[in-house]
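Make the full structure from the sequences, and use the hints.
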Amino acid sequence: MTIAPTATLPPEGPLSPDGPTAESMAGESLWKGAWQRLRRNPMALIGGGIMAVFVFVALFAPLLAPYEPASTEWTELSTPFFVQGSNSEHLLGIDRWGSDMLTQLIFGARQSLIIGVVSTLIGLFAGALLGTLAGGLGGKVDTVIMRFVDILLSIPSLLLAISIAAAMGKSSFALMVAIGAAQIPIFARLLRSTMLSQSRSDYVLAANALGLRRRNIILGHILPNSLGPTIVQATLNLATAIIEVAALSFLGLGEDDPAVAEWGRMIVSGQDRFQIAPWLAFYPGICIAITALGFTLLGEALREALDPKQRR
Amino acid sequence: MTVEYVPGQPQSQPQTTIAGHGDRPLLTVTDLSVTFTRRGRAPVHAVDDVSFQIRAGEHVGLVGESGSGKSVTSLAIMGLLPRGGVEVAGSVDFDGQELIGLDTATMRNLRGQELAMVFQDPMTSLNPVITVGRQITEVLKRHRDLDKADARTEAVDLLTKVGIPDPARRVGDYPHQLSGGMRQRVLIAIALACQPRLLIADEPTTALDVTIQAQILELLRELVSGSQTALLMITHDLGVVAGLCDRVHVMYSGRIVESAERRQLFARPRHPYTGGLMASIPRLDQPRGVPLTPIPGSPTDTLPWSQGCAFAPRCPNSEVDCRMHTPALEPADNRALRCFHPLTTDPRSVGATHA
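Residue numbers (our numbering), protein chains in the order written: chain L, 1 to 312; chain S, 1 to 355.
Rather than coming from a laboratory, the hints here were simulated on the basis of the structure.
All residues carry an ideal CB built from backbone N, CA and C; glycine is no exception.
Incorrect hints may have been included.
Computed from the model, here is a short list of chain S residues facing chain L with C-beta under 10 Å [stated by the list, open to error]:
1) Q113
2) T124
3) S125
4) E330
Chain S is nowhere near these chain L residues, computed Cβ spacing over 10 Å in every case [claimed, not checked]:
5) M51
6) A65
7) S154
8) S157
9) F173
10) A206
11) L236
12) A247
13) D272
14) I290
Written out as structure tokens, the structure reads:
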């Protein structure tokens, strides 16, 4: 008997299939593992729960709301010195224009979701496009794009959003573009850096050794492997976007139509009655806070789940 | 198993010209030098005036420790070195076409079609988010203009050829669902998909366990032997070379120190470095408990070639002149040898005295 490991070599014969080894266990799919970690994380469950409720309410607002969103039949009930609070007809009372608070809040969720999601998508796509060009092509293209992104980044995001919203006029679409534009630098920088580190991987070298076209390598190999952190960032950005929607509406840059319920504007209309009816500002405020918290919790949990350092 | 692993010849592959050239080498590397430069640091000569030839169908081994420049040589041939901070000099002639300085578009057309490469680590050389089937069909579509259905059939065929069981199901698998050995089989299938005329295998078995290593080598041998595909096997393992290669070049610190036909080299290694490599192979006929015989020192203990023999600090035969003059690669004893004081005795006993 010898010490050489080659002694265990099988004799001549057909090539036997390699059975599953320990390696195949270690190389577990990134997303599958992430999902398992996510399910065990209470933070993710809370965040996911809040998000589910929010999306549900936003989608089924017309079915859930007790009244029409723009109805103001109870105008006479509110005077400058009296705002009707919670009662059996109006669970959360009515606002100064005589609209049902609960209905307003439910439709406000819809508005926040639409603007939040669309603006994040605008930021995501524009940022991803710039990031892919910069990270994929490198060189001069990279330098030019990243300097442009740096300029965008040097402007405070809220200021940038205000400028764009003001320039485009008061509309929901202007709000979406404004908030989306402010998110572009975040996505562009994140995707670029992930793509740069991915492009040094062995599989990219191997793809190059096969003579695949550059476009194919960038879009088909590097990009799909780089999207994880960007998707997480998008979840986190949704929270910021919802807050910014409210902030811009609060500043009077939001939707022009008063019949459209919007949480930020509800706070504005509530603030001059703050001493006699604090709930008018409090309810929309708490809605914004809880929704933003939900997205943040989920985003953070997703980030932890996808972080390779967290893996055991 | 037959050697005809790809039915039908791609039109772009002029099989007839190989026969027409007769004994003309397929690949001629002449005075290839690769220098890594970095601002504020001394340039590193990773590959230094390396010359060798490979004929069609020939299997050539490039042997050396980590850092001897063998992988860089292969990347230089493939044109895969990074663009910044690298100077490549010399000539790489592939069937009459100069590869050094070739424009990127032409080089991309050659890669994967005429020249292919199998890398060291099958765990990281496959894209984790794409099915293995797509990674094979991608190459077929790129170089052989197959449509989707044909490419898939061909992919299943290739997987069968490399010995993957149930290939029709496996084409839909992701790399993480395959073991290391299976992944290396997939990578070999991808590399051979277009019947390249030169296959470079860069330590294809290093990351695998010993039984799988033997299987993969056997597979490579089966697939390339008898075909027109030339094989450049890059390895630190002389055992791999012994079973597979017709000719062996031993590299040390960026230069070839000994080149010989396989039998000549193994029967009588002349360079002390080659001797040391052979002495360090664990042997089955040794009694238990005998320690392995390493080459003393590490690859970092080198002299610059410009000052003498780079191997001198680790060499049992070194004398004063080794550190004063640079030995040249000269023909001697059916081989090319770069040494002032070559081995005359059996290397195993020489190595043993230094254990």
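A quick look at each hint next to the structure:
A distance limit of 10 Å between C-beta atoms decides the matter here; for S:Q113 the minimum to chain L is near 6 Å, and the interface restraint holds. With 10 Å as the threshold, the beta carbon of S:T124 comes within range of chain L, its nearest partner Cβ sitting at about 4 Å, so the hint holds. Taking 10 Å as the C-beta contact cut-off toward chain L, the hint placing S:S125 at the interface holds, the least distance being around 4 Å. The interface hint given for S:E330 is violated, since its Cβ lies 35 Å from the closest Cβ of chain L, which is over the 10 Å cut-off.
Distance check on L:M51: its Cβ is at least 26 Å (rounded) from any Cβ of chain S, clearing the 10 Å threshold; non-interface status holds. With a cut of 10 Å on Cβ distances, L:A65 stays outside the contact zone with chain S, its closest approach being about 43 Å. The Cβ of L:S154 lies farther than 10 Å from every Cβ of chain S, with a closest approach of about 29 Å, so its non-interface assignment holds. Interface exclusion of L:S157 from chain S stands, the closest Cβ pair being 32 Å apart, more than 10 Å.
Remark: the non-interface label on L:F173 is consistent with the geometry, its nearest Cβ contact in chain S lying 35 Å away (cut-off 10 Å). For L:A206, the non-interface assignment is contradicted: its Cβ lies about 4 Å from the closest Cβ of chain S, within the 10 Å cut-off. A cut-off of 10 Å between C-beta atoms confirms that L:L236 is not in contact with chain S; the least separation is 22 Å. For L:A247, the condition that its CB be more than 10 Å from all CB atoms of chain S holds, with the nearest at approximately 38 Å.
Listed as outside the interface, L:D272 is consistent with that label: its C-beta sits roughly 55 Å from the nearest C-beta of chain S, beyond the 10 Å cut-off. With 10 Å as the threshold on Cβ separation, the claim that L:I290 sits away from chain S holds: the shortest Cβ distance comes to roughly 35 Å.
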